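S.K.: Listed in order, the protein sequences are those of chains U and S. Quick note on the UniProt record's numbering: the first sequence kicks off at 1 and runs consecutively. Quick note on the UniProt record's numbering: the second sequence kicks off at 1 and runs consecutively.
Misleading hints may appear alongside valid ones.
Cβ-Cβ distance ranges computed for the label pairs, FRET-style [to be verified]:
no. : chain 1 : residue 1 : chain 2 : residue 2 : range
1   : S       : 80        : U       : 322       : 55 to 65 Å
2   : S       : 54        : U       : 72        : 32 to 42 Å
3   : U       : 240       : S       : 395       : 45 to 55 Å
4   : U       : 306       : S       : 245       : 32 to 42 Å
5   : S       : 127       : U       : 408       : 49 to 59 Å
6   : U       : 368       : S       : 125       : 55 to 65 Å
7   : S       : 178       : U       : 62        : 31 to 41 Å
8   : U       : 245       : S       : 183       : 47 to 57 Å
9   : U       : 58        : S       : 391       : 36 to 46 Å
10  : S       : 437       : U       : 233       : 38 to 48 Å
11  : S       : 302       : U       : 175       : 23 to 33 Å
12  : U       : 62        : S       : 366       : 25 to 35 Å
13  : U       : 144       : S       : 54        : 32 to 42 Å
Just so you know, the hints here were simulated from the structure itself, not pulled from any lab data. Here the structure is a predicted model, which is why all the values come from computation and not from measurement. Every residue gets a Cβ at the ideal spot worked out from N, C-alpha and C, and that includes glycine.
Number of protein chains: 2
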Amino acid sequence: MARVLTPRAEDFPRWYQDLIAKAQLADNGPVRGTMVIRPAGYAIWERMQAEMDGRIKLAGAENAYFPLFIPESYLRREAQHVEGFSPELAVVTHGGGKPLAEPIVVRPTSETVIGEFMAKWVDSYRDLPLLLNQWANVVRWELRPRIFLRTSEFLWQEGHTAHADEADARAYARKILHEVYEDFMVNVLGIPVLVGLKTARERFAGATHTYTLEGMMGDGKALQMGTSHELGQNFAKAFDITYTSAAGGVEHAWTTSWGSSTRMLGGLIMAHGDDNGLRVPPRLAPTQAYVMVVKAGDGVAEAAAKLCDALRDAGVRVGFDDRVDTPFGRRAVDAELKGYPVRVELGPRDLAAGNAVLVRRTSGAKTPVPVADVVSAVLAALDADQQTLHDEALAMRESRTASVKTLDEAIEAAGAGWALVPWSAVGAEGEAKANAQAVTVRCLRRADGSVPDSEDEPDLVAILARSY
Amino acid sequence: MARVLTPRAEDFPRWYQDLIAKAQLADNGPVRGTMVIRPAGYAIWERMQAEMDGRIKLAGAENAYFPLFIPESYLRREAQHVEGFSPELAVVTHGGGKPLAEPIVVRPTSETVIGEFMAKWVDSYRDLPLLLNQWANVVRWELRPRIFLRTSEFLWQEGHTAHADEADARAYARKILHEVYEDFMVNVLGIPVLVGLKTARERFAGATHTYTLEGMMGDGKALQMGTSHELGQNFAKAFDITYTSAAGGVEHAWTTSWGSSTRMLGGLIMAHGDDNGLRVPPRLAPTQAYVMVVKAGDGVAEAAAKLCDALRDAGVRVGFDDRVDTPFGRRAVDAELKGYPVRVELGPRDLAAGNAVLVRRTSGAKTPVPVADVVSAVLAALDADQQTLHDEALAMRESRTASVKTLDEAIEAAGAGWALVPWSAVGAEGEAKANAQAVTVRCLRRADGSVPDSEDEPDLVAILARSY
Numbered sequence: 001m002a003r004v005l006t007p008r009a010e011d012f013p014r015w016y017q018d019l020i021a022k023a024q025l026a027d028n029g030p031v032r033g034t035m036v037i038r039p040a041g042y043a044i045w046e047r048m049q050a051e052m053d054g055r056i057k058l059a060g061a062e063n064a065y066f067p068l069f070i071p072e073s074y075l076r077r078e079a080q081h082v083e084g085f086s087p088e089l090a091v092v093t094h095g096g097g098k099p100l101a102e103p104i105v106v107r108p109t110s111e112t113v114i115g116e117f118m119a120k121w122v123d124s125y126r127d128l129p130l131l132l133n134q135w136a137n138v139v140r141w142e143l144r145p146r147i148f149l150r151t152s153e154f155l156w157q158e159g160h161t162a163h164a165d166e167a168d169a170r171a172y173a174r175k176i177l178h179e180v181y182e183d184f185m186v187n188v189l190g191i192p193v194l195v196g197l198k199t200a201r202e203r204f205a206g207a208t209h210t211y212t213l214e215g216m217m218g219d220g221k222a223l224q225m226g227t228s229h230e231l232g233q234n235f236a237k238a239f240d241i242t243y244t245s246a247a248g249g250v251e252h253a254w255t256t257s258w259g260s261s262t263r264m265l266g267g268l269i270m271a272h273g274d275d276n277g278l279r280v281p282p283r284l285a286p287t288q289a290y291v292m293v294v295k296a297g298d299g300v301a302e303a304a305a306k307l308c309d310a311l312r313d314a315g316v317r318v319g320f321d322d323r324v325d326t327p328f329g330r331r332a333v334d335a336e337l338k339g340y341p342v343r344v345e346l347g348p349r350d351l352a353a354g355n356a357v358l359v360r361r362t363s364g365a366k367t368p369v370p371v372a373d374v375v376s377a378v379l380a381a382l383d384a385d386q387q388t389l390h391d392e393a394l395a396m397r398e399s400r401t402a403s404v405k406t407l408d409e410a411i412e413a414a415g416a417g418w419a420l421v422p423w424s425a426v427g428a429e430g431e432a433k434a435n436a437q438a439v440t441v442r443c444l445r446r447a448d449g450s451v452p453d454s455e456d457e458p459d460l461v462a463i464l465a466r467s468y
Numbered sequence: 001m002a003r004v005l006t007p008r009a010e011d012f013p014r015w016y017q018d019l020i021a022k023a024q025l026a027d028n029g030p031v032r033g034t035m036v037i038r039p040a041g042y043a044i045w046e047r048m049q050a051e052m053d054g055r056i057k058l059a060g061a062e063n064a065y066f067p068l069f070i071p072e073s074y075l076r077r078e079a080q081h082v083e084g085f086s087p088e089l090a091v092v093t094h095g096g097g098k099p100l101a102e103p104i105v106v107r108p109t110s111e112t113v114i115g116e117f118m119a120k121w122v123d124s125y126r127d128l129p130l131l132l133n134q135w136a137n138v139v140r141w142e143l144r145p146r147i148f149l150r151t152s153e154f155l156w157q158e159g160h161t162a163h164a165d166e167a168d169a170r171a172y173a174r175k176i177l178h179e180v181y182e183d184f185m186v187n188v189l190g191i192p193v194l195v196g197l198k199t200a201r202e203r204f205a206g207a208t209h210t211y212t213l214e215g216m217m218g219d220g221k222a223l224q225m226g227t228s229h230e231l232g233q234n235f236a237k238a239f240d241i242t243y244t245s246a247a248g249g250v251e252h253a254w255t256t257s258w259g260s261s262t263r264m265l266g267g268l269i270m271a272h273g274d275d276n277g278l279r280v281p282p283r284l285a286p287t288q289a290y291v292m293v294v295k296a297g298d299g300v301a302e303a304a305a306k307l308c309d310a311l312r313d314a315g316v317r318v319g320f321d322d323r324v325d326t327p328f329g330r331r332a333v334d335a336e337l338k339g340y341p342v343r344v345e346l347g348p349r350d351l352a353a354g355n356a357v358l359v360r361r362t363s364g365a366k367t368p369v370p371v372a373d374v375v376s377a378v379l380a381a382l383d384a385d386q387q388t389l390h391d392e393a394l395a396m397r398e399s400r401t402a403s404v405k406t407l408d409e410a411i412e413a414a415g416a417g418w419a420l421v422p423w424s425a426v427g428a429e430g431e432a433k434a435n436a437q438a439v440t441v442r443c444l445r446r447a448d449g450s451v452p453d454s455e456d457e458p459d460l461v462a463i464l465a466r467s468y
C-alpha cells in the first residue's frame, strides 16, 4: 500500500497534522489559532458530547447557557484568576459601530459571570447544591496553536457548582472526575487515563485543588484530558455567593468547576491512531460498521443495502459506500484514514460464495464471513475491539512508564515516556528544575493509585512527563 | 388564585417579561443585550435542537463547526452583506494583550467564512451538493434588546449549502423550509405558521430570495420564526466557489443559507402562554408529566414514585415533586408557570380512594383517575393537548386575520392582527408607507397558499402586520 501519512516514528507532529488533513477532520481557520471542525471530526465530537452529557445529567447537573461576553471588571474580582487569564484574552472594544464605555472580554472560562448569577439565585441552604453545566465555545489567545490541542477558540463543557460546605464541594468535584470523566475516557474513549491531583504550580487560576486525568499519547508524551477544580470560597467571596444556613447564619458557599473540550479529539488521534490513520473505538464511533460495495455486479448493491438494514436493526451505526465509480483501493485507504472500526466489503465474487469480507481496523484482519452471520460477527468484533484498543493503549503506557527514585532519573526517563518518582524527591524546587527542561509534574497520586487531598500528604508518587 | 403575572390583556410586553422571570426561563446578562438561559429555558431549547437536528440530518446536511472570529475583510467581499450587517457588529481589536493588525469581527452569521471553505473543498460537480449545518452562537449588536426576541448574542443553527445549479439550490432551500422548519413548527411547536416569500425590502442581506415562516403571537403581532435563503451566485462569486462541471467547464456554484434560533423560545411563550404562565406543547416538553406528592402520608411517596416509573416505561418524560415541606399551592402555581402539559397529583385522600388527580395545563381540567389507569390517561391527554394547543393558535390566527382590498384597510387591520391584501394594491411604494406606520409586509403567498418564486408573479397575496 502506498504511504498515505508521514509515519509516526519518522515525525510524530507531522503525522498528526497529516492525519487531521487527510481524514478531513479539521482545517485551520482564517484568524490565527482558530479551527474549522469538518463533518468527519464534528460527528466524533457529537458522540463525545452525547456520552458526556448523559453522564453529567446522571450526576445531577442541569444545562444552562451564560453569555459569551463578560465585562472586563468581572475578571479582576478574583486576583489569581485575572493574573492567570489576562495574557490570553480577546477584547471587544467596539459594538454597533461605536467604541464601548467598558471593554468586554470574550469568555476564556465562565467562573466569573456564573458566580455573579449564583449570587442572585442562591438564597438559602435549600437552594444548594446548585449544579450547572454549559456546552459552549471559549477563547484563549494562543501563540503556538495546534489543531484540537491548543486553539484560540475551542468547544467544551464547563460545569459550575455551589455547595454548602467544603466536604460537599470536594465530593462533587471528585464525583465528576471519576463518574463522568474517568468513566467516559476509559470505557468509551478507551484511554487508560491516570487520575491525580495537580501541584500548586499547575493548579487552575483561582482554585484550591485541581484534579486531572492524564492520557499517554503515541509518542510517550502526556495530554491533560480534563480537569475538575475545587475553588474553595475564592469565587464565592469575590462574587458574594452567600446563603442562609439551617441555623440562620449567613455563610459563603463553596464552589467547583470542571471542564473537558475538543482537545479530547487530539487525544483520541494521538492515543489510538496508527500509520494508516485514525482508529476510533467502537463505542465512540459515529460510524461503527462501514458497508462497502467493492464493485458493481448482479445483486451486489442490493445485498449490501440489506446488510446495512440488518446491522441498523441490530443497533449498529452504519455507513454505506456504493461509489463504484471511484477505485476501491482509494475508498479503502480513506476508510482506514477515517478509522471506522469494522468494514464489511461485498463484491460479486464474495457474494457468489455467499460471503462478505469483514475487515477490522484494529488488527487489519480480513475474514470472509457468511452473509447470514455478518451481524453477529460485527457485534462481536465491535465488542472485542473496544477492549483491544484500550488494552493496547494500556500496554503502551506501561511499557513506557519507568519507576525511579531521583529527580534526575525522572527527568531522564521523561525523555522517552512517563516517570513515577516519590514526590518527596521532587518538591516545588525539583518541579521548577524539571520545568526548565520541558518536563512537568502531571499529577500526584497515593501509592495505591487513589487521589490525594493535598500535596502535603506523605508517600505521594509524582508522574513526570513531557506534555502537550 | 392570587395573580402571579401581569394579565396579558393589561400589558402584553410586561406579561412576557414577568413570565420569563417567574418561570425562571432566562435573565438579562451583565453586558447590555445579552441573556442567561436558565435550566428551565435551556431544557426547552435542547428539545428544540434535538427535534430540529434530526430533521436537518434527514434532509442530508452534516454538522460542522466554523470559527467565531471572522477577518473584517471577509464581510466586505459581498457588498449588500456588509451593508446589512455593519451596524450590528462587535469588533475585537486586542488579542493576547496586543492590538491586532486586522480587526476581527465576532460572527453575526457565517456565510463569508463558510464560503471561504466551500471554495477550498469544492472541486468538481461530484462534490456537490455540499450540505452543511452548524449549531452556534452569533452576535448582532442590539439597541432595543428583548430576551429571546432580540438579543446581542443568541444561539441558533445556520445551514449553508452549495449546489451545481439554481434549480437544485431552490429545491433545497424549500426542502428545509417545509420539511425541517414548517414540519417542526406546526407539528412540534404547535404554531400554525404562514410560509411565504419576503419582499425585496425584507430580504436577507446578500440573498436573491428569502423564504420565511411567520407565527401569530397572543397580541396579534407577527414573529418571524425562521428563514431560508437562496443566495444565487452572490457569495459563490465573492468567495470564488467554483466547480468543474461534467462537461469540463468551470462554473460558479449556487448557495443557500437558512437559520432558526432561540427566538423560537419567545415565539413559544407568546403563541401559547396564558395568564397563569407558559404552556408547552407535549411533543416539545422536556417534562411532559409532572408527578406531585400533595402531602405526606402512608405510602403516598412510594405510590407516586411507582407512577413515575410506570410513566417512564411508557416513554413519557417525567418530573417528580415530593417537596412536601413547601406548601402545595405554591408548587402548583410554579408548575402552571413552567407549563408542564399534565400534572399527576397524589395525596393521602386520593390514594385511599385508589385515585390520582390528573390536571391538564391546556384546559385546567382536574379529573380523578384510578391509579391503574394513570399511564393511559396521561398518554391520551398528551396526544389530545398537542392538537388542542395547535388548534387554539390556529383559531386565534383566523379570528384575528382580515382579508381586505386596499392598503389603507390593511394598515388599519394590522392594528389588531394580520391583514391579507392583494400585493398589487401595495407594491414597493405601499410597503414604504406601511413601514412608516410600523406595519410590515411579512410575506407574499399565492392565492392557494403556496410559496411564489418571485414577487412579480400575478395575483399574489401580501400579509401585513405589526411584528417583533
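S.K.: Of all the hints given earlier, name the ones this structure violates by number, lowest first.
M.R.: Of the numbered hints, 1, 6 and 10 do not hold.
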